[in-house]
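Using the sequences and the hints given, assemble the complete structure.
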Amino acid sequence: MSLLTVDDLHVHFIARGLDNQLRTAKALNGVSFNVEKGQVLGLVGETGAGKSLTALALLGLLRPPAKVVQGQIRFKGQPLGLLDGHASQGMRGKSITLIPQSPKTSLDPTTRIGEQLIRMQREHGEASYAAAHARALEMLASVQIPDPAQRMQAWPHELSGGMAQRVLIAAGLINSPELVIADEPTTGLDLTVQAEVLDIFKRLVRANGMSAIIITHDLGIVAHYCDRMAVMFAGTIIEEGPVGKVFEEQKHPYTQNLIASTPKQIALHGFVGGVGSPPNLYDLPQGCVYKDRCSKAQSTCSTPVPLVRFGPDHQARCHHPDQGR
Amino acid sequence: MLAMDKTKAQAWAHGFYVHAIGLTRRSPTFVAGLCMVLFFLGVAIFAGVIAPYSPTESFSYDILRAPSDRFIFGSDGNGMDVFSRVIYGCRYAFGIAVPAGLIMVGIGLPLGLIAGYKGGLLDEVLLRTLDVLRAFPTIILALAVVAATGQSLISMVVVIGVLDSPIFARVVRAEVLNLRASTFVKAAVAMGNPAWRVMVVHILPNAILGATAQLPMRMAWAVRISATLAFIGVGIQAPTPEWGAMIRQGAEYVITGEWWAALFPGLALMLLVLGFNLLGDGLTDILDPKRRGVGK
Amino acid sequence: MIPPLIELKALVKKFPAQGGKDVTAVDGVSLAIHAGESVGLVGESGSGKSTLGLLMTRLLPVSDGHIFFDGADITHLPDGQMRPLRSDIQIVFQDPWGALNPRMTVGRSMAEPLLLHTTMTGTQRQQAVKALADQVHLPQATLNRFPHELSGGQLQRVSIARAIASKPRLLVLDEPTSSLDLSVRAGILDLLNGIRKDTGVALLLISHDLETVELMTDRLVVLYLGKVVEEGPTQSIFAQPAHPYTQTLMSANLPPDPRVKLNRLTAFGEIPSPINLPTGCLFSSRCPLSRPECTEKFPAYSEIQGQDDMPDQHLVACNRVPDASNWLTAAPHTH
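Heads up: the protein sequence lines correspond to chains A, B and C, in order.
For the first sequence, the numbering used here assigns the number 31 to the initial residue and increments by one for each residue that follows.
For the second sequence, the numbering used here assigns the number 27 to the initial residue and increments by one for each residue that follows.
For the third sequence, the numbering used here assigns the number 6 to the initial residue and increments by one for each residue that follows.
If you are wondering where the hints come from, they were derived from the structure by calculation, not from laboratory data.
Among the clues, some could well be false.
Straight-line alpha carbon distances no greater than 27 Å define the calculated DSS-like cross-link-like pairs of lysine-lysine that follow [stated by the list, open to error]:
# : chain 1 : residue 1 : chain 2 : residue 2
1 : A       : LYS106    : A       : LYS232
2 : A       : LYS294    : C       : LYS266
3 : C       : LYS172    : B       : LYS212
Some chain A residues close to chain C (C-beta under 7 Å, calculated; not the full set) [what the hints assert, rightly or not]:
#  : residue
4  : SER190
5  : LEU221
6  : THR222
7  : ALA225
8  : GLY250
9  : HIS254
10 : VAL273
11 : LEU288
By construction, the Cβ of each residue, glycine as well, lies at the ideal position given by its N, Cα and C atoms.
If you want it as structure tokens, here you go:
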């Protein structure tokens with residue numbers, strides 16, 4: 031049994047437009063994936079693909095006007111409440127935690143970081159202040175914050191971006207969760223700082239046998255810090271598989287497009303033309319969501335898209351996946 | 027042909043209806059304020075048709091009559107119909123507020139624009155003037171100037187317009203300061219725009235949006251202060267049917283129980299000022315979130 | 006020797022900071038760009054790379070030093086004389102949404118440089134704008150739209166079109182693709198390459214993305230806390246980054262290819278605050294190879310001999326270069 035199973039999740043947003051008509055944005059259209067114990071999954075996509083929304087769903091943080099139209103999330107076999115998740119309430123912060131982006135705004139500016147780390151533990155069952163304090167110190171050391179005892183007294187605004195992100199990692203891991211979701215954990219960080227932060231994250235996750243989902247738009251992060259990757263487009267996972275295999279085989283045209291757009295590939299093969307605008311979630315095409323941008327689109331692409339398997343752990347949602355590689 | 031026009035008209039009306047509903051949802055305050063102001067404007071324009079009597083027609087046998095069929099709002103101390111006078115008073119309210127508003131914009135807009143963009147001496151002068159105005163009771167200032175320049179409607183309009191302009195300039199200046207730091211203004215300079223063009227073509231159209239919401243507020247102030255001045259006895263001569271003057275005259279009779287001569291013009295004044303304020307509030311509502319929606 | 010198109014000599018920019026002290030964002034940077042060349046400017050927070058772009062385009066006043074354009078000193082040129090020169094030096098900003106006047110149609114924005122710097126009539130400008138739209142692969146229909154109706158990629162194309170409208174000889178690009186989606190970036194880079202080929206414009210690409218810089222530039226300048234620590238042919242620097250800072254920077258890059266083995270070279274701690282800079286070599290407080298002489302004064306620039314007889318200079322500001330002990334570990338980041 032997988033640690034986490036997301037099963038055919040459909041989430042719609044219903045809003046009233048300026049013209050007074052009700053419009054539905056189909057934000058997630060049948061998202062399905064598994065995360066096994068000890069595995070790191072990279073959730074890749076561009077803006078509007080639905081990655082952050084998936085994270086919110088996993089944490090039981092969806093609120094109206096979001097509407098779960100279909101689908102289920104199971105954690106260790108048990109279904110999770112998705113809207114106003116009372117069932118998830120016990121899990122969120124304990125078994126499933128979030129490391130958010132923009133550390134400067136995610137930390138409480140009115141509380142010292144030591145207190146915040148202690149508070150996080152006590153809200154999830156740790157009764158002893160002394161034990162929580164000791165653990166907070168331990169976590170700060172493990173994320174390589176110099177002079178942790180003194181740093182416990184620091185205010186969030188005194189920390190640099192890299193330091194703050196490390197504190198967020200410490201906060202996310204302090205209750206020894208089974209699943210950590212890191213949402214764009216290195217946005218706004220310098221290259222050298224990013225590398226350190228990701229190294230620390232991976233080391234801690236591995237050492238404690240945790241599973242992780244890293245949400246990112248950076249293929250480099252996926253390539254070097256994830257075991258498996260799921261590529262999202264317009265609320266659908268269009269390809270999923272082990273990182274090495276997906277980079278190598280690139281079964282879905284969108285995956286090919288993404289990888290071909292990296293500068294190294296452009297240098298080797300020249301620019302692969304055709305881009306188009308982001309998908310309009312209010313008006314998705316029939317059948318394949320990628321149809322309007324795909325260079326290989328044919329008439330069959332307007333029909334519901336099959337899930338094609340390439341081996342036990344690699345699959346793509348496409349009528350004409352690349353059989354060549 | 028007529029049939030086609032009818033469906034076109036229907037489509038237009040439907041479109042208008044939908045937009046009106048949309049607008050009401052976004053800001054009921056705006057719509058309420060707009061309705062009130064338009065109502066008074068309509069009264070001002072059609073005063074001649076609506077008013078049963080001339081505002082200065084005096085009925086010597088009907089002094090201080092209570093509201094009745096003949097005098098809907100009663101008659102005042104000179105035997106004039108309060109109802110007709112209140113109606114014609116709308117003309118004076120708008121007749122003062124609108125030109126004063128125009129003067130305010132005419133002076134305040136370029137002042138705020140240049141002070142905000144160039145800074146320097148002009149900015150200092152503006153800021154100090156604002157400090158003085160804030161400390162000094164405007165009403166006394168207005169009183170002094172109007173009394174000195176001769177008690178005419180025109181001098182009142184000019185004084186109010188001029189006194190209002192630094193406040194409007196400050197609002198404009200705030201918008202300009204914000205915009206000055208924005209990327210597209212930097213781009214405009216980088217492109218080789220001379221300073222005047224940056225101000226007029228790039229900053230002004232974007233600053234105006236925020237400043238516009240202030241306009242009804244300033245008009246509300248103009249109406250109020252002109253009524254106040256008239257109440258004190260400055261600027262308006264009897265028997266001009268201006269609300270402030272009417273309240274002044276009517277106030278004498280309230281003690282003896284004849285409440286109508288002061289109440290109705292007072293109500294009208296209050297409602298119009300309220301309308302302007304709601305309009306301004308609503309405009310701020312509409313413009314702000316919409317601006318956040320425009321662009322990402 | 007053909008004189009450079011634009012030359013910076015010991016450029017300094019200070020900003021007032023709290024407590025009366027000044028922050029030196031750019032500290033004595035000298036740089037030359039020749040006609041048609043593409044130069045990359047890389048660095049992390051506090052490097053001063055964006056400030057340098059603004060100084061070069063005279064959008065910020067210079068604290069000290071000189072800027073020469075076509076041999077003439079434009080450092081303190083008054084606005085009136087600077088304006089006609091602006092048709093020759095243009096800049097594209099990082100934020101596509103903020104860079105355009107929200108109240109002007111995109112077509113009007115693109116026509117503005119023509120209005121300012123040419124004597125074209127309205128009709129001629131319209132024609133020219135249509136041609137520009139084609140050149141940047143923008144559909145003609147977008148010309149009448151307002152910025153908020155377009156996507157990020159399209160807006161960046163508009164900014165580029167506007168920047169090349171006056172046929173500039175130098176185009177400064179400040180992180181032109183950082184705010185854009187992955188699949189959109191490639192199109193913009195390709196467009197810039199095409200423009201360079203067609204018009205021979207010189208490019209200054211300011212970026213924190215090493216892969217982009219490697220693809221798009223001939224020469225590279227590496228900045229650290231306002232000073233140039235290494236400069237030379239892009240291929241040379243990527244093949245053999247000589248300065249210890251450049252080595253750590255390159256090693257932190259994550260190529261989007263799982264097969265590439267990472268070889269992380271680290272420095273101590275984080276980039277210090279620009280208010281409290283170390284003396285001597287600015288990297289000395291973090292450099293694993295730091296020696297006592299490194300904290301005395303800023304190192305002189307040594308020249309590295311290139312592989313395959315590179316004609317251009319490869320300069321490094323490191324005391325260890327003369328005795329070839331500047332390598333952090335056996336093998337720096339290779340591809």
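Status of the hints after comparison with the structure:
no. : hint                : result
1   : A/LYS106 x A/LYS232 : 22 Å, holds
2   : A/LYS294 x C/LYS266 : 15 Å, holds
3   : C/LYS172 x B/LYS212 : 19 Å, holds
4   : SER190              : 6 Å, holds
5   : LEU221              : 5 Å, holds
6   : THR222              : 4 Å, holds
7   : ALA225              : 4 Å, holds
8   : GLY250              : 3 Å, holds
9   : HIS254              : 5 Å, holds
10  : VAL273              : 5 Å, holds
11  : LEU288              : 6 Å, holds
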